[in-house]
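Protein chains in written order, with our numbering: chain A, 4 to 181; chain B, 102 to 297.
No lab work stands behind these hints, which were simulated from the structure alone.
Don't be surprised by glycine CBs; every beta carbon is placed ideally from N, CA and C.
Worth double-checking, as some hints may not be accurate.
[Said to hold, decoys possible] The calculated lysine-lysine pairs, modelled on DSBU-like cross-linking and capped at a C-alpha distance of 35 angstroms, are:
#1 B:LYS226 to B:LYS140
#2 B:LYS226 to B:LYS286
#3 B:LYS286 to A:LYS34
#4 B:LYS173 to A:LYS34
[Unchecked claim] Cβ-to-Cβ under 8 angstroms is the rule here; a few derived chain B residues that face chain A:
#5 ARG177
#6 LEU179
#7 PRO181
#8 ILE201
Chain by chain, the residues:
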Amino acid sequence: MMVNAVQELSRWAVPLLLLIILFYAIIKRVKVYECFVQGAEEGFGIAVRIIPYLVAMMMAVSIFKNAGVMDLLTGMFGQVFVLLHIPPEVIPLAIMRPFSGGGALGIAAELINSYGPDSFIGRLASTMQGSTDTTFFILTVYFGSVGVRRYRYSLAVGLLADISTFLASVYIVNKIFA
Amino acid sequence: MINIVWVLLILSGIVLAGLTGKPEVVTQSAFSAATVAVKYSLELAGIMSFWLGMMKIAEAAGLVESLARIMKPLTRYLFPSVPANHPAMGAILMNLSANILGLGNAATPFGLKAMQELQSINNDKETASDAMCTFLALNTGCITLMPTMIIGLRFSAGSRNPTEIVGTTLFATAVGMTLAIIADKTFRRIFRQVQR
């Protein structure tokens, strides 16, 4: 029932949004087609401007990931996680989450499928994946699109938010589903 | 800080790949990631154009302005340096709404539009402004009401109750977002004092 409602909502979200905007615009006598084209014109320029920043960040993350640094870190942090009552299986997901959205989704999907979506690890992985965004990607793309090179304290704030969201996920999943 | 992290990512990868005797992994990763980055940008160009086009219509119809008016108390607290009727506010609100609704591919176009508007009132074009830092803090630790992607994943994995994680996700994301806002305000103060 709930699932159906959510799925219907996500199926209808974009069509409904378009319908509301267009309906309202026509009532207000907006020249919709001209307006759309005028706005869309900017899209390409912004997308092209982020290319160098995206190349820089994705290449660094990719080297880091594929060289196996992640597995090394997982081994190193394993003991600490056990002490905190966090299953070590989710370490790769926790480390990957701020760096690569696609990479993290892959790990989360793997955990959900191999341990089962209704297992403790499955629920924790679901919560972790859904509750935060990819910090490095956001900073790279957003700052890159306007040519800002000095990020000040932004990275520290983003990573702090990631860590606190992770710990909050562990806490609440333990509390609700244990 | 970003310089250090960037170099550490690459150096640790090179050292480990060298120690494990597969230095070619570094070469392959670097080249394929660079290609993927360009591919992604071009795909984004299409989606950006679409959403920015729709946003222009919403703007012309006065919808964005109405949204900005409703949210004024909140935005004034979060972005004191941005004039209330500045176009940046509209784009910021569209971005946050898209995030909350789980419309991932609409959030980025609105977000980049907001960054452009914020850059137009930024004094030092190469350094992030206060408003930009707050905006990105909200985005990296953003509230999501409907993690649609993960619900779909759980559904296809055969979960008995795919949406049971909505509550826990909401809790975790609310904690993260609150801390991000507090950290943004605190770090700004510390950063100023260090610079003096």
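Each hint tested on the structure:
| no. | hint | result |
| --- | --- | --- |
| 1 | B:LYS226 to B:LYS140 | 27 angstroms, holds |
| 2 | B:LYS226 to B:LYS286 | 21 angstroms, holds |
| 3 | B:LYS286 to A:LYS34 | 42 angstroms, violated |
| 4 | B:LYS173 to A:LYS34 | 28 angstroms, holds |
| 5 | ARG177 | 21 angstroms, violated |
| 6 | LEU179 | 14 angstroms, violated |
| 7 | PRO181 | 17 angstroms, violated |
| 8 | ILE201 | 11 angstroms, violated |
The earlier numbered hints that this structure contradicts are 3, 5, 6, 7, 8.
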